[in-house]
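Enquirer: Spelled out from the first residue to the last, the chains are:
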Amino acid sequence: MLYYCMSDLLLDINLQQLPDDYLAGHWQVASRVLNQNNPASPLALATRLQLNPGQLLAEAPGLPEAAAGTWAVQRDELLQRPYLRFNLPQEQTNALVTRLRRSADGQHSQLNLYFASGMEMQLEQSEFPRL
Amino acid sequence: MNPSDLASASPAPVDTNASPAWQEQFAFLADLIPQLVWITDPTGFHTYFNQRWIDYTGYDLAASVGPDMWNNLLHPDDQQRAREVWGHSLATGDDYSIEYRFKARNGGYRWFLGQALPRRDAEGRIVAWFGTCTDIEEQRKMREQLEAAYSDLEAKVMFRTLELEREVHDLRKKLADQPGLD
Chain P
1 MLYYCMSDLL LDINLQQLPD DYLAGHWQVA SRVLNQNNPA SPLALATRLQ
51 LNPGQLLAEA PGLPEAAAGT WAVQRDELLQ RPYLRFNLPQ EQTNALVTRL
101 RRSADGQHSQ LNLYFASGME MQLEQSEFPR L
Chain Z
1 MNPSDLASAS PAPVDTNASP AWQEQFAFLA DLIPQLVWIT DPTGFHTYFN
51 QRWIDYTGYD LAASVGPDMW NNLLHPDDQQ RAREVWGHSL ATGDDYSIEY
101 RFKARNGGYR WFLGQALPRR DAEGRIVAWF GTCTDIEEQR KMREQLEAAY
151 SDLEAKVMFR TLELEREVHD LRKKLADQPG LD
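Heads up: the sequence lines are chains P and Z, in that order. Every letter in the first sequence is one number past the one before it in this note's numbering, and letter 49, counting from 1, is 49. Every letter in the second sequence is one number past the one before it in this note's numbering, and letter 153, counting from 1, is 153.
Treat the hints with care, as some may be off.
Said to hold, decoys possible - Each pair of labels, with its calculated beta carbon distance range:
#, chain 1, residue 1, chain 2, residue 2, range
1, Z, LEU29, P, ASP76, 54 to 62 Å
2, Z, GLN79, P, ASN87, 47 to 55 Å
3, P, ASP21, Z, PRO42, 53 to 61 Å
4, P, ASP12, Z, GLN25, 45 to 53 Å
5, P, ARG101, Z, ALA63, 35 to 43 Å
What the hints assert, rightly or not - Lysine to any residue pairs mimicking SDA-like chemistry, simulated, CA-CA at most 25 Å apart:
#, chain 1, residue 1, chain 2, residue 2
6, Z, LYS141, Z, LYS173
7, Z, LYS156, P, SER109
8, Z, LYS103, Z, THR57
9, Z, LYS141, P, ASN112
10, Z, LYS103, Z, GLN145
11, Z, LYS103, Z, ASP41
12, Z, LYS173, P, GLN92
13, Z, LYS156, P, GLN36
14, Z, LYS173, P, GLU77
15, Z, LYS156, P, ASN94
16, Z, LYS103, Z, THR40
17, Z, LYS173, P, GLU91
18, Z, LYS156, P, ALA40
19, Z, LYS156, P, ASN35
20, Z, LYS156, P, LEU18
21, Z, LYS141, Z, GLN35
22, Z, LYS103, Z, LEU74
23, Z, LYS141, Z, ALA104
24, Z, LYS156, P, VAL73
25, Z, LYS103, Z, ALA82
26, Z, LYS141, P, GLU124
27, Z, LYS156, P, VAL33
28, Z, LYS173, P, VAL33
29, Z, LYS103, Z, THR134
30, Z, LYS156, P, LEU34
31, Z, LYS103, Z, LYS156
32, Z, LYS141, Z, HIS75
33, Z, LYS103, Z, MET142
34, Z, LYS103, Z, ILE126
Keep in mind the hints are simulated off the structure, nothing from the lab. For glycine and all other residues, C-beta sits at the position ideal for the given N, C-alpha and C.
So that you can see chain Z by itself, here it is in the shape it has in the complex:
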């Protein structure tokens, strides 16, 4: 996406205190960065998605109401864990961080790092959660390849060690079987 196309790409977040110009700049910046960006109210209801979110997931704010979006978006193996982690952050105000798989519009899953921080008012009450989802599919693949390579290497070393032990054992047996040698 060309940055020049972004000015009116996604709706600006609703913030009655912010000027229209500021809201437009926020939306421009949020659409420019490579992450999916979202904002929720203190109870976890979404109030803003950037254009990348909408383009990747196919869900805009209107479609995000209710449980369907998360049930459809999240990989079935990640849904329970995601609910628990997000629920913990909402209940405690702790920073949110999780790796999970999101389904794209085309039906394929990719790994994302979801992170969010609460924004608080002067009294320390949470007024909103600001979150991003960073595509880590390639890093996950690299990590899995590295883990597989390490596991292979470990197995090879063990295999060669056992082979060497067998050879030493056979050699000792041959020497022991030779008459005149102790």
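Chain P on its own, in the form it takes in the complex:
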């Protein structure tokens, strides 16, 4: 709940100058609109995405293990913002970064993705300091 109270304090990051490492980390899926996306695909079911250096893990409840693959940040001169390339054994797709918002201290982030299928996903990340 603390995170939602702080969401007003998140600042929009200029996507044309977005450092790649802002996109890495362990993200919770906060909301999703499927549109034409296959509802049974790993990314459509995922509740958590781990974007580790060179490695993607899509975790979903009820699945014995996370779907593992790779991810990469891509850029196209025609697009004014980066997109992500997701490679999973069952699913290969691209997702445009439509918004990234971060707290001033970088502890909280909110990432909006727009997939080639039309699926939209909002991810959240909080790194609370360890006591």
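Place chain Z on chain P using the hints.
Expert: Showing chain Z alone in chain P's frame:
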């Protein structure tokens, strides 16, 4: 603020030709409307603020003398532009219109639309400027949200178009690679 509280809220503007009753009615009306209201002499010195101005900014007429009020009230990014626009109106008599951010007593900034018209005497000389500041913070937010949504939509359309082009390219390549097909 309840209108019944307004009768004596702000001082009536100094106008030696106006009756006390008229001045009281003017002050009542000026305090009733949702805008910040101000009057200046032809050179730009303030001669009247309504109560909303005083409540929002914390500056009354006595405190408005000198450059401090504008330097403290206006957002630093708006100060130069505001000086230029107001200076142009004072020099030419052109209508005054500008969007700028004012700092409230609590320290937060809000966007306002500042507008003013000159009042002239029978010979056409400017005798006073009558101005209002209308709070447009919500409209500005809506405008920014609309612009962001439009920009997002444009990017999404471009993204989907590029994806489609890639798919078409891949499909053509597959077809070309199949033996027996031209």
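Enquirer: Against this structure, judge whether each hint is valid.
Expert: Hints, verified against the model:
| no. | hint | result |
| --- | --- | --- |
| 1 | Z/LEU29 to P/ASP76: 54 to 62 Å | 59 Å, holds |
| 2 | Z/GLN79 to P/ASN87: 47 to 55 Å | 52 Å, holds |
| 3 | P/ASP21 to Z/PRO42: 53 to 61 Å | 59 Å, holds |
| 4 | P/ASP12 to Z/GLN25: 45 to 53 Å | 48 Å, holds |
| 5 | P/ARG101 to Z/ALA63: 35 to 43 Å | 39 Å, holds |
| 6 | Z/LYS141 to Z/LYS173 | 48 Å, violated |
| 7 | Z/LYS156 to P/SER109 | 21 Å, holds |
| 8 | Z/LYS103 to Z/THR57 | 7 Å, holds |
| 9 | Z/LYS141 to P/ASN112 | 20 Å, holds |
| 10 | Z/LYS103 to Z/GLN145 | 22 Å, holds |
| 11 | Z/LYS103 to Z/ASP41 | 24 Å, holds |
| 12 | Z/LYS173 to P/GLN92 | 19 Å, holds |
| 13 | Z/LYS156 to P/GLN36 | 15 Å, holds |
| 14 | Z/LYS173 to P/GLU77 | 23 Å, holds |
| 15 | Z/LYS156 to P/ASN94 | 12 Å, holds |
| 16 | Z/LYS103 to Z/THR40 | 20 Å, holds |
| 17 | Z/LYS173 to P/GLU91 | 21 Å, holds |
| 18 | Z/LYS156 to P/ALA40 | 23 Å, holds |
| 19 | Z/LYS156 to P/ASN35 | 14 Å, holds |
| 20 | Z/LYS156 to P/LEU18 | 18 Å, holds |
| 21 | Z/LYS141 to Z/GLN35 | 19 Å, holds |
| 22 | Z/LYS103 to Z/LEU74 | 6 Å, holds |
| 23 | Z/LYS141 to Z/ALA104 | 18 Å, holds |
| 24 | Z/LYS156 to P/VAL73 | 17 Å, holds |
| 25 | Z/LYS103 to Z/ALA82 | 14 Å, holds |
| 26 | Z/LYS141 to P/GLU124 | 24 Å, holds |
| 27 | Z/LYS156 to P/VAL33 | 15 Å, holds |
| 28 | Z/LYS173 to P/VAL33 | 32 Å, violated |
| 29 | Z/LYS103 to Z/THR134 | 14 Å, holds |
| 30 | Z/LYS156 to P/LEU34 | 15 Å, holds |
| 31 | Z/LYS103 to Z/LYS156 | 37 Å, violated |
| 32 | Z/LYS141 to Z/HIS75 | 17 Å, holds |
| 33 | Z/LYS103 to Z/MET142 | 20 Å, holds |
| 34 | Z/LYS103 to Z/ILE126 | 29 Å, violated |
Checked against the numbered hints listed earlier, the structure breaks hints 6, 28, 31 and 34; every other hint is satisfied.
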